[in-house]
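Novice: The residues making up each chain are set out below.
Number of protein chains: 2
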Amino acid sequence: MARPRQFDEKKVIEKLMMVFWDKGYDATSMQDLVAASGLLKGSLYGAFGDKQTIYLSALKHYNRTRIQAGIDMLNGEGSARQKIARLFDNVIDSTKRGIFAGGCLLCNASLEKAVTDRKVKNEIKTTIRRLKLAIMEALKEKVEKEGEAASLAAFIVSAYFGTRVLAKGGAPAAMIGDTRDHTLQLIA
Amino acid sequence: MARPRQFDEKKVIEKLMMVFWDKGYDATSMQDLVAASGLLKGSLYGAFGDKQTIYLSALKHYNRTRIQAGIDMLNGEGSARQKIARLFDNVIDSTKRGIFAGGCLLCNASLEKAVTDRKVKNEIKTTIRRLKLAIMEALKEKVEKEGEAASLAAFIVSAYFGTRVLAKGGAPAAMIGDTRDHTLQLIA
DNA sequence: TCTATTACTGACCGATCGGTCAGTAATGAG
DNA sequence: CTCATTACTGACCGATCGGTCAGTAATAGA
Chain C
0 MARPRQFDEK
10 KVIEKLMMVF
20 WDKGYDATSM
30 QDLVAASGLL
40 KGSLYGAFGD
50 KQTIYLSALK
60 HYNRTRIQAG
70 IDMLNGEGSA
80 RQKIARLFDN
90 VIDSTKRGIF
100 AGGCLLCNAS
110 LEKAVTDRKV
120 KNEIKTTIRR
130 LKLAIMEALK
140 EKVEKEGEAA
150 SLAAFIVSAY
160 FGTRVLAKGG
170 APAAMIGDTR
180 DHTLQLIA
Chain V
0 MARPRQFDEK
10 KVIEKLMMVF
20 WDKGYDATSM
30 QDLVAASGLL
40 KGSLYGAFGD
50 KQTIYLSALK
60 HYNRTRIQAG
70 IDMLNGEGSA
80 RQKIARLFDN
90 VIDSTKRGIF
100 AGGCLLCNAS
110 LEKAVTDRKV
120 KNEIKTTIRR
130 LKLAIMEALK
140 EKVEKEGEAA
150 SLAAFIVSAY
160 FGTRVLAKGG
170 APAAMIGDTR
180 DHTLQLIA
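Chains as they are written, first to last, in numbering that gives the first Met the number 0: chain C, 0 to 187; chain V, 0 to 187.
These are computed hints drawn from the structure, not numbers from a lab.
The structure presented is a predicted model; accordingly, all values stated were derived computationally and were not measured.
Please note that a few of the clues may not be correct.
A pair counts as met if it fits within one copy or between any two copies, since identical chains are not told apart.
[Said to hold, decoys possible] Taking lysine-lysine pairs in the DSSO-like style, the calculated list, with each CA pair at most 30 Å apart, reads:
no. : residue 1 : residue 2
1   : 50        : 22
2   : 120       : 14
3   : 59        : 22
4   : 9         : 120
5   : 10        : 95
6   : 144       : 118
7   : 9         : 141
8   : 141       : 124
9   : 95        : 118
10  : 22        : 144
11  : 14        : 139
12  : 95        : 144
13  : 124       : 22
14  : 144       : 9
15  : 14        : 141
16  : 22        : 141
17  : 120       : 50
18  : 9         : 40
19  : 40        : 95
20  : 124       : 9
21  : 10        : 118
22  : 50        : 141
23  : 59        : 95
24  : 144       : 124
25  : 59        : 40
Using the sequences and the hints, build the whole thing.
Specialist: Here you go:
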């Protein structure tokens, strides 16, 4: 296999993702990616492809780690209400901490790249579907009919994404709390 | 007063706004703005300032026209349920029409520019506040307590913004309809 | 050890980026 | 009519953009 890679691909893609997560696609330059990864430009292209390809890989990595963590939480211990509440509390917490302002890369990608990049859009669509299914699963305890669980899950995804927009737009944190409370109100 | 402007400032700012609405801040080049406005670069800078300033003006124009139209609708005729439903139906309609995919410039700006531009963030914050107040006004008919109306309005803003993310992310239109239906469920 | 294969290096590319400015044209005030 | 003032014109700027490639280094298999 000739010369092996001199870096850990997983660690590098994590670093690349952080840049896109923080700054968005267009505001990120290849130089930013070079600096963050520690690789040189040629190596970066050789290993991860062009900017669009790197972005797609970064988004997939985000979904495989951060979104998956949320899905695992939804499939894990606790009541439906507790788990849904946790979803929103994470938004409030990261807003109050205020260290990292990237918000949710899945939302960012939806607004910034889904329209102009078919592959990004597909990745987003399937991830939204997975997230909705995980919420449905968490709701099973409370909602008997499957159709009702599905539409309620769709609604919760909307409310959650909405809080991500509010948070980044600088709206008062109380609005996010209010959103959580009214959402829980719908879970009998 | 010397030489007067040879163009209609309102019409030009409308055209400039459309470009940012459609493509976002970073994906829009000054050349795009030059082409859309019909002005030459020098005139554009002379009349509207640099790119950041033009973006802020475009966002304010959006709020003064599109968002204000929504606020007027909320303050106008119809029941609370009808008016809130209309908010979501507009998202569904524009998604189904599929001609213009810009979504909501206020949401786009929240995710793309609020973090890096103080003035943009302030414009967003005050506009969200105004939108929430208009929704509260529309809810007065149904919700007696003022605090309850405020938190419910915050929630509706979230749900609305969330559908904007879903729409642009390519999620099925049914999810937006589901969001509308469950939101209306909260309005007694 | 030799060689085919792969990875790393960093200088380099044309294109485009946002922004400027000296020169010219048009206007209103006096 | 004169002139100060403002607007329009388009060539021009350095910086940065995303992306490439010839040369070199390192490795695995023979």
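Novice: Give a verdict on every hint.
Specialist: Against the structure, the hints come out as follows:
Taking CA atoms no more than 30 Å apart as the test, residue 50 paired with residue 22 passes in both settings, with 14 Å inside one copy and 18 Å between copies. Both within a single protomer and between protomers do residue 120 and residue 14 lie at most 30 Å apart by alpha-carbon distance, with minima of 22 Å and 27 Å respectively. Within a single copy, residue 59 and residue 22 get their C-alpha atoms as close as 17 Å, and across copies as close as 23 Å, so both meet the 30 Å cut-off. Taking identical chains as interchangeable, the C-alpha atoms of residue 9 and residue 120 lie at most 30 Å apart only when both belong to the same chain, with a minimum of 23 Å there against 35 Å between chains.
Taking the shortest Cα distances, residue 10 and residue 95 sit within 30 Å of each other inside one copy (28 Å), while across copies they are farther apart (41 Å). Taking the closest pair of Cα atoms, residue 144 and residue 118 never come within 30 Å of each other, the shortest separation being 34 Å inside a single copy and 47 Å across copies. Taking the shortest alpha-carbon separations for residue 9 and residue 141, neither the intra-copy value of 39 Å nor the inter-copy value of 53 Å comes in at or below 30 Å. In this homomeric assembly, residue 141 and residue 124 come within 30 Å of each other (Cα to Cα) only inside a single copy, at 26 Å, whereas the closest approach across copies is 36 Å.
Taking identical chains as interchangeable, the C-alpha atoms of residue 95 and residue 118 lie at most 30 Å apart only when they sit on different chains, with a minimum of 21 Å there against 33 Å within one chain. Taking the shortest Cα distances, residue 22 and residue 144 never come within 30 Å of each other, neither inside one copy (42 Å) nor across copies (41 Å). In this assembly of identical chains, the alpha carbons of residue 14 and residue 139 never lie at most 30 Å apart, being 37 Å within a copy and 49 Å across copies at closest. Only between protomers do residue 95 and residue 144 lie at most 30 Å apart by alpha-carbon distance; the minimum there is 28 Å, versus 37 Å within a single protomer.
For the identical chains of this complex, residue 124 and residue 22 are neighbours both inside a copy (22 Å) and across copies (20 Å), given an alpha-carbon limit of 30 Å. With identical chains, the CA atoms of residue 144 and residue 9 are never at most 30 Å apart, being 41 Å at best within one copy and 53 Å at best between copies. Taking CA atoms no more than 30 Å apart as the test, residue 14 paired with residue 141 passes in neither setting, with 40 Å inside one copy and 50 Å between copies. With identical chains, the CA atoms of residue 22 and residue 141 are never at most 30 Å apart, being 39 Å at best within one copy and 42 Å at best between copies.
Proximity of residue 120 and residue 50 under a CA criterion of 30 Å is satisfied in both settings, with 16 Å inside one chain copy and 28 Å between copies. Taking the shortest Cα distances, residue 9 and residue 40 sit within 30 Å of each other inside one copy (18 Å), while across copies they are farther apart (45 Å). In this homomeric assembly, residue 40 and residue 95 never come within 30 Å of each other (Cα to Cα): the closest approach is 36 Å inside a single copy and 42 Å across copies. Only within a single protomer do residue 124 and residue 9 lie at most 30 Å apart by alpha-carbon distance; the minimum there is 24 Å, versus 38 Å between protomers.
Within a single copy, residue 10 and residue 118 get their C-alpha atoms as close as 23 Å, which meets the 30 Å cut-off; across copies the closest is 36 Å, which misses it. Within a single copy, residue 50 and residue 141 get their C-alpha atoms no closer than 44 Å, and across copies no closer than 51 Å, so neither meets the 30 Å cut-off. In this assembly of identical chains, the alpha carbons of residue 59 and residue 95 lie at most 30 Å apart whether taken from the same copy (27 Å) or from different copies (28 Å). In this homomeric assembly, residue 144 and residue 124 come within 30 Å of each other (Cα to Cα) only inside a single copy, at 24 Å, whereas the closest approach across copies is 39 Å.
With identical chains, the CA atoms of residue 59 and residue 40 are at most 30 Å apart within one copy only, with a shortest distance of 22 Å there and 40 Å across copies.
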